[in-house]
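Peer 1: As a plain string of letters, each chain reads:
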Amino acid sequence: MIKQYAIIFMVTYLGEIVSKFINFPFPGPVIGMLIFLILLEKKIINIDLVEEGANTILRNLAIFFIPPGVGIISALNLLSGNVLKIALTMILTTIITMGVTGITVQYLINRRRK
Amino acid sequence: MMVFLDSPLFGICLTMAGYIIGLEIYKKFKLPILNPILIALIIIIPILLYFKIPLETYNKGGDLISFFLGPATVVLAVPLYKKIDLLKQNFIPILGGVIVGILTSILSCTFIGKMLGMDLNLVKSSLPKSITTPIAIELSKQVEGIIPITIVMVAITGISGAILAPFICKIFKIENKIAKGIAIGTASHAVGTSRAIEMGETEGAMSGLAIGVAGILTVFILPLLYLLLF
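As you go down the protein sequences, you meet chains A and B in turn. Counting from 1, position 104 in the first sequence corresponds to residue 836 in my numbering; the numbering is continuous, with no gaps. Counting from 1, position 134 in the second sequence corresponds to residue 152 in my numbering; the numbering is continuous, with no gaps.
Just so you know, these hints were derived from the structure itself, not from any lab. These numbers come from a predicted model, not from an experiment. Glycine is no exception: its CB is placed at the ideal position from the N, C-alpha and C atoms. Just so you know, not all the hints are guaranteed correct.
Okay, derived cross-link-like pairs now, EDC-like style, lysine to aspartate or glutamate, Cα gap no bigger than 20 Å in a straight line [stated by the list, open to error]:
1) B/K159 <-> B/D137
2) B/K159 <-> A/E748
3) B/K101 <-> A/E773
Cβ pair distances, simulated, as ranges [claimed, not checked]:
4) A/I734 <-> B/M133: 49 to 59 Å
5) A/L810 <-> B/I60: 14 to 24 Å
6) A/L808 <-> B/E42: 19 to 29 Å
7) A/V750 <-> B/I189: 18 to 28 Å
8) A/G813 <-> B/K106: 40 to 50 Å
9) B/K191 <-> A/S812: 16 to 26 Å
10) A/L816 <-> B/F85: 11 to 21 Å
11) A/S812 <-> B/E162: 36 to 46 Å
12) B/E162 <-> A/V750: 32 to 42 Å
13) B/L27 <-> A/Y745: 39 to 49 Å
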């Protein structure tokens with residue numbers, strides 16, 4: 733199990749280093765994710781070597797967002813009076829985004845079949 | 019009192035307790051509205067406010083937990099790798115749909131937010147709201163958003179997506195299973211995907227795939243679109 737986490741941390745570290753050397757504001761963890769994907773695709777890292785560790789992290793992914801979320805305490809003044817607006821915007825934009833995405837995919841699939 | 023709090027273990031234990039309670043409540047009722055993250059925040063925040071515990075004290079432990087956001091983002095490559103064949107088989111429709119979806123999400127957040135007279139900082143915080151939280155946090159920093167607000171917005175988006183997905187598919191006449199899954203995952207990340215999995219195997223797999231594809235592509239699209247819009 734420790735090997736699994738060692739690989740995951742090394743790839744994360746590699747992503748962080750690479751992000752400091754490129755000129756695009758690309759977050760280190762996302763670069764790490766892309767590197768990891770390439771390493772898996774090219775079979776440089778075998779999936780069996782990391783899957784268990786990765787799944788353990790993914791199963792409990794939500795816990796890592798809680799401390800940054802608690803930081804909302806320092807932004808409470810900005811929220812007061814805006815809660816309904818935020819909720820309404822989130823719901824409307826989700827409906828629009830889901831609808832437009834679905835229609836686009838469906839159109840592209842049907843067009844290809846013709 | 020401070021003696022008990024002056025340890026990283028305080029923040030760690032409080033976070034774990036909040037998370038476990040949130041998770042148990044969610045597991046018991048299985049309702050998207052009972053989102054474990056939101057429940058944990060609703061438990062933890064009043065405790066800190068009531069006992070006048072400074073955020074810095076909580077964060078001694080909290081920072082140790084949020085440190086793992088980096089590795090947690092990296093391992094998103096694993097589910098993406100396992101589903102990448104689905105992407106290869108339907109490359110153009112999926113890629114096209116996800117890109118259109120990302121643009122729709124960013125533009126609709128900007129215009130609806132401004133129309134409702136939302137504070138500009140809130141509008142900026144909402145721009146990465148459709149994608150998975152670890153990547154949304156990174157992007158929120160880049161577009162000068164407020165990270166905790168982005169996290170809550172991502173959660174509300176996921177909840178709305180999970181609740182409304184079947185109705186949205188009906189209203190917009192989305193009948194193709196691939197289209198349904200991609201739409202749900204692109205608009206409402208992992209929380210929406212939980213509903214897509216209930217709708218069917220193809221829908222669930224496609225929605226899971228869309229989480230990773232939309233997350234990565236948004237990293238490219240959002241900073242550029244942000245320069246044009248703000």
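Peer 1: Hints the structure violates: just list their numbers, smallest first.
Peer 2: Checked against the structure, the hints that fail are numbers 7, 9, 10, 11, 12, 13, while the rest are satisfied.
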